[in-house]
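Student: Chains A and B, in that order, are what the protein sequence lines are.
Using numbering that gives the first Met the number 0, you'd call the opening residue of the first sequence number 0 and step up by one each time.
Using numbering that gives the first Met the number 0, you'd call the opening residue of the second sequence number 0 and step up by one each time.
Note that these hints are calculated values from the structure, not bench results.
Among these hints, one or two may not hold up.
Said to hold, decoys possible - To be clear about the criterion: a stretch of chain B counts as covered by chain A if any three or more of its residues have a C-beta under 8 angstroms from a C-beta of chain A, and this derived list gives those stretches:
#1 112 to 118
#2 164 to 170
#3 223 to 233
#4 326 to 336
#5 368 to 374
Claimed, not checked - Within a straight-line C-alpha distance of at most 27 angstroms, the following computed DSSO-like cross-link-like pairs (lysine-lysine) qualify:
#6 B:Lys296 to A:Lys78
#7 B:Lys296 to B:Lys334
#8 B:Lys263 to B:Lys296
#9 B:Lys283 to A:Lys78
#10 B:Lys283 to B:Lys296
#11 B:Lys592 to B:Lys564
#12 B:Lys283 to B:Lys263
#13 B:Lys564 to A:Lys126
#14 B:Lys296 to B:Lys592
As the list claims (entries may be wrong) - Partial chain B-side listing against chain A, Cβ under 10 angstroms, derived:
#15 Tyr174
#16 Glu176
#17 Ala188
#18 Arg434
#19 Pro438
#20 Pro441
#21 Pro465
#22 Arg514
#23 Tyr515
The beta-carbon is built from N, C-alpha and C at its ideal position, and this holds for glycine as well.
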Amino acid sequence: MEVQLRILRFDPERDALPHWEEYDVPAEPSDRVLDLLHQVKWYQDGTLTFRRSCAHGVCGSDAMLINGRNRLACEYLVKDAGRQISVEPVRGSRVIKDLLIDLDGFWEKYRSVMPYLVNDELPEDGKERRQSPAEREQFEDTSKCILCGACTTACPSFWANPDYVGPAAIVNAHRFIFDSRDHATEERLEIMADADGVWRCRTIFNCVEACPRGINITRAIMEVTRQIESRRP
Amino acid sequence: MTLVSQAERSRPRPRTHDLDAVVVGAGGAGLYAALELKRDLGPEARIGVISKLYPSRSHTGAAQGGVCAALGNTEEDNWEWHWFDTVKGGDYLVDQDAAEVMCHDAVETVIKLEHLGLPFNRTPEGLIDQRRFGGHTRNYGEGPVRRACYAADRTGHHILQTLYEQCIRHDVLFYDEYQVLDLAMPAGADGPVTGVIALQLSSGEVHSFLARAVLFATGGFGKMFKVTSNAHTLTGDGVAIAYRRGLPLEDMEFYQFHPTGMYKLGFLLSEAMRGEGGFLVNGKGERFMERYAPTMKDLASRDVVSRSIYREIAAGRGIDGQDYVHLDVRHLGAKILNEKLPDMSGFIRTYFGLDPLTELVPIQPTAHYAMGGIPTDVDGRVLADETGRLVPGFYAAGECACVSVHGANRLGTNSLLDILVFGRRAGIAMADEVRRTSPAEPDVAAEASVSARLDELLSRTEGERPAVIREELQETMFARCGVYRSAALLMQAWGEVDDLRDRARHLIVQDKGQRYNTDLGEALELGFLLDCAEATVASAVARTESRGAHAREDYPDRDDANWLKHSFAFRWSDGAPPRLAYRPATITRFQPKPRTY
Numbered sequence: 000m001e002v003q004l005r006i007l008r009f010d011p012e013r014d015a016l017p018h019w020e021e022y023d024v025p026a027e028p029s030d031r032v033l034d035l036l037h038q039v040k041w042y043q044d045g046t047l048t049f050r051r052s053c054a055h056g057v058c059g060s061d062a063m064l065i066n067g068r069n070r071l072a073c074e075y076l077v078k079d080a081g082r083q084i085s086v087e088p089v090r091g092s093r094v095i096k097d098l099l100i101d102l103d104g105f106w107e108k109y110r111s112v113m114p115y116l117v118n119d120e121l122p123e124d125g126k127e128r129r130q131s132p133a134e135r136e137q138f139e140d141t142s143k144c145i146l147c148g149a150c151t152t153a154c155p156s157f158w159a160n161p162d163y164v165g166p167a168a169i170v171n172a173h174r175f176i177f178d179s180r181d182h183a184t185e186e187r188l189e190i191m192a193d194a195d196g197v198w199r200c201r202t203i204f205n206c207v208e209a210c211p212r213g214i215n216i217t218r219a220i221m222e223v224t225r226q227i228e229s230r231r232p
Numbered sequence: 000m001t002l003v004s005q006a007e008r009s010r011p012r013p014r015t016h017d018l019d020a021v022v023v024g025a026g027g028a029g030l031y032a033a034l035e036l037k038r039d040l041g042p043e044a045r046i047g048v049i050s051k052l053y054p055s056r057s058h059t060g061a062a063q064g065g066v067c068a069a070l071g072n073t074e075e076d077n078w079e080w081h082w083f084d085t086v087k088g089g090d091y092l093v094d095q096d097a098a099e100v101m102c103h104d105a106v107e108t109v110i111k112l113e114h115l116g117l118p119f120n121r122t123p124e125g126l127i128d129q130r131r132f133g134g135h136t137r138n139y140g141e142g143p144v145r146r147a148c149y150a151a152d153r154t155g156h157h158i159l160q161t162l163y164e165q166c167i168r169h170d171v172l173f174y175d176e177y178q179v180l181d182l183a184m185p186a187g188a189d190g191p192v193t194g195v196i197a198l199q200l201s202s203g204e205v206h207s208f209l210a211r212a213v214l215f216a217t218g219g220f221g222k223m224f225k226v227t228s229n230a231h232t233l234t235g236d237g238v239a240i241a242y243r244r245g246l247p248l249e250d251m252e253f254y255q256f257h258p259t260g261m262y263k264l265g266f267l268l269s270e271a272m273r274g275e276g277g278f279l280v281n282g283k284g285e286r287f288m289e290r291y292a293p294t295m296k297d298l299a300s301r302d303v304v305s306r307s308i309y310r311e312i313a314a315g316r317g318i319d320g321q322d323y324v325h326l327d328v329r330h331l332g333a334k335i336l337n338e339k340l341p342d343m344s345g346f347i348r349t350y351f352g353l354d355p356l357t358e359l360v361p362i363q364p365t366a367h368y369a370m371g372g373i374p375t376d377v378d379g380r381v382l383a384d385e386t387g388r389l390v391p392g393f394y395a396a397g398e399c400a401c402v403s404v405h406g407a408n409r410l411g412t413n414s415l416l417d418i419l420v421f422g423r424r425a426g427i428a429m430a431d432e433v434r435r436t437s438p439a440e441p442d443v444a445a446e447a448s449v450s451a452r453l454d455e456l457l458s459r460t461e462g463e464r465p466a467v468i469r470e471e472l473q474e475t476m477f478a479r480c481g482v483y484r485s486a487a488l489l490m491q492a493w494g495e496v497d498d499l500r501d502r503a504r505h506l507i508v509q510d511k512g513q514r515y516n517t518d519l520g521e522a523l524e525l526g527f528l529l530d531c532a533e534a535t536v537a538s539a540v541a542r543t544e545s546r547g548a549h550a551r552e553d554y555p556d557r558d559d560a561n562w563l564k565h566s567f568a569f570r571w572s573d574g575a576p577p578r579l580a581y582r583p584a585t586i587t588r589f590q591p592k593p594r595t596y
């Protein structure tokens, strides 16, 4: 079969404004949208630019706005996307070239939440720290995050206020706040309680819909919010 | 010289970064080395990690099933059993002193990883949980043992995340989206290596990184094969750069085909699916592994299982006579599939539209892992030749390196162990070298030659597109240098690779821009793949025996009298086959025996 692929193209070295280009691409129903983008890049127009690596939904490189929703191009199949597919860069960030966006701000926010275990005390027996399956379960969901950015760039609160730390960073704060081994919970909650922290969330649930890992992001944000509130006098 | 002056006209002098140590590649090996360098040299040390991706995209993150260490948390285990399994799994080509280091250090390494924050699955007592994996046995081969420490089926994801997180915490410097294209080292000499030359993808500028020690942790080159579990970005960049600089590549003929790739797609369905009790069935519904490996059955080593699948298919017992068989996990039940193998179940649903609880899953062997690579000692120091001479300032670890702990076939989980143990050891050795040596000078000749190469590619207006040549290379390597090989197939492969190399001299890049020119990047990557393929085929032609993953139909038996030795392939000159030399395998404890599972 043949699929009509519409791609929002923009190369600041050549174009004044973004514009749509259409490509007819041979496809199987089981092909991923990423396969179609490769068809264009490899055999029609080598200038088409996007990030990708693993091609099966674990590296988080290829979040794009496909048929109006943030998805990973390598996880969305033609049989589900249909014969007319539109692909745009995710929203709310500067477009550098075609589907490739500026991620500097995204990584800066990720780094701002202390996304690492803080605990320099080691067990005296030289073995692993103990953690029960139930304790581990507290952060199982948020530990799945692959930092693809689909959630943050789908969030209207982030579009309205680019200083909002955003769902992806909160997910990564949650992963440590709820880890029984961590010692920096209070510092992290303070970061989350900032004016541009969790309060910006309006529970619109776009992030949950966009997450390719199926993380219940809004619930994670609410859990962090409750932790902050429980510490208020 | 013409090219150099041309480059000087069109490009500014590279921007220079003066660092203490440079790590190329941000997977598990590179990140652990960087972390160790920082701990060893202190907070003032300038440790840079250069990667063509963002670190969290590295392919370590795709590893699934677990990392083995004889913790003995769920049943009796012993690191010496692990050592034996590794040696036997590698069909006795393993350097036993190196494997001893790895299996002994495994216990401490996994514990340290937990201390760094890795969220392992836990036993009811709160210890790290363990499960079975292929080729890992109790008491020197008596039966399967629970040795793989795991975090659901995302162990690699958590290793990558944990190490990246701790590198951020300790202020490692990250240079994301830089594609390394050459080493800084004197031409025609074996070192010292004093840095790397890289293309900054965001600007198209050439950057020069100076360092007193350089680690390559650049991963594998599975993209030379048509069906592979590897990411698009695994194109053997570091391996090929070393080779072009006259350094040897060790044991390139040993390439692992993992038995359970998703049919046609190639992505992996973890061995943990069989570790948890899944099994393979042929077109007649038979559990055929019982015939090939009576003791370990579906948990025999990967080379054995992949060959068994090929033999079933060749005998007409594929599914509907086609080139695949089925993985059956229906009996595992929803609890195990959801809790211990959630990502695998997700892949099967997403890409096949099948429910693993009620349906059989089509699988085929997929190109997965290079046992060979840049030869190193147990501290990551790169060997300049088969006599063991060292290259000052140069280190390699992870899949791009060959220590050799995997010999002719790697056991499942031992790649995650390899990157952790040897990444860390390389970091410690590098810190020592950084303390002892003085700052380096830029390699102006290497900078100029990289600039010239880029300008030449960008200025060419006629030629073939990289994708066409890459696709032919992938077909050739998969069909003629795959699970089964022969002189006839390999000579055909040699001719085809040689022809593709010729055609690749005239590649055309359509994108002429500077920013994020991924078209240019793919053309450069194709060059690296072709070099890796050349060394692989030449080493495979020469080895007239079958051992581990190198199975010759014309030489079906292992030949210890002549071939208990590692291949070292050196680039001779453009267009000529590589020069091959050999280094004996190190045998300490375990004398070679017939290998059955």
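Student: Does the alpha-carbon distance linking Lys564 (chain B) and Lys126 (chain A) stay inside the 27 angstroms limit?
Tutor: With a Cα-Cα distance of about 38 angstroms, the restraint between Lys564 (chain B) and Lys126 (chain A) is violated, given a limit of 27 angstroms.
Student: Is the hinted pair Lys592 (chain B) and Lys564 (chain B) satisfied, with a Cα-Cα distance of at most 27 angstroms?
Tutor: This hinted pair holds, its Cα atoms lying about 16 angstroms apart.
Student: Minimum Cβ distance from Glu176 (chain B) to chain A below 10 angstroms?
Tutor: holds (9 angstroms)
Student: Does Pro465 (chain B) pass the interface hint, meaning its C-beta sits closer than 10 angstroms to a C-beta of chain A?
Tutor: holds (8 angstroms)
Student: Does Lys283 (chain B) pair with Lys78 (chain A) here, judged by a C-alpha cut-off of 27 angstroms?
Tutor: With a Cα-Cα distance of about 31 angstroms, the restraint between Lys283 (chain B) and Lys78 (chain A) is violated, given a limit of 27 angstroms.
Student: For a C-alpha distance cap of 27 angstroms, please report whether Lys263 (chain B) and Lys296 (chain B) respect it.
Tutor: holds (25 angstroms)
Student: Take the shortest C-beta to C-beta distance between Ala188 (chain B) and chain A; is it under 10 angstroms?
Tutor: For Ala188 (chain B), the interface hint is violated, since the closest Cβ of chain A sits about 35 angstroms away, which is over 10 angstroms.
Student: Per the coverage rule (Cβ-Cβ under 8 angstroms, at least three residues), is the region 223 to 233 of chain B covered by chain A?
Tutor: holds (count 3)
Student: Does the structure keep Lys296 (chain B) and Lys78 (chain A) at a Cα separation of 27 angstroms or less?
Tutor: Roughly 37 angstroms between the alpha carbons, so the hint for Lys296 (chain B) and Lys78 (chain A) is violated.
Student: So if I understand the rule, the pair passes when the alpha-carbon distance is 27 angstroms or less; does Lys283 (chain B) with Lys296 (chain B) pass?
Tutor: holds (18 angstroms)
Student: Any CB of chain A closer than 10 angstroms to the CB of Arg434 (chain B)?
Tutor: violated (24 angstroms)
Student: Taking 8 angstroms as the C-beta cutoff, is the stated coverage of the region 164 to 170 of chain B by chain A satisfied by three or more residues?
Tutor: Since 4 is at least three, the answer is holds.
When held up to the earlier numbered hints, the structure conflicts with 4, 5, 6, 9, 13, 15, 17, 18, 19, 20 and fits the remainder.
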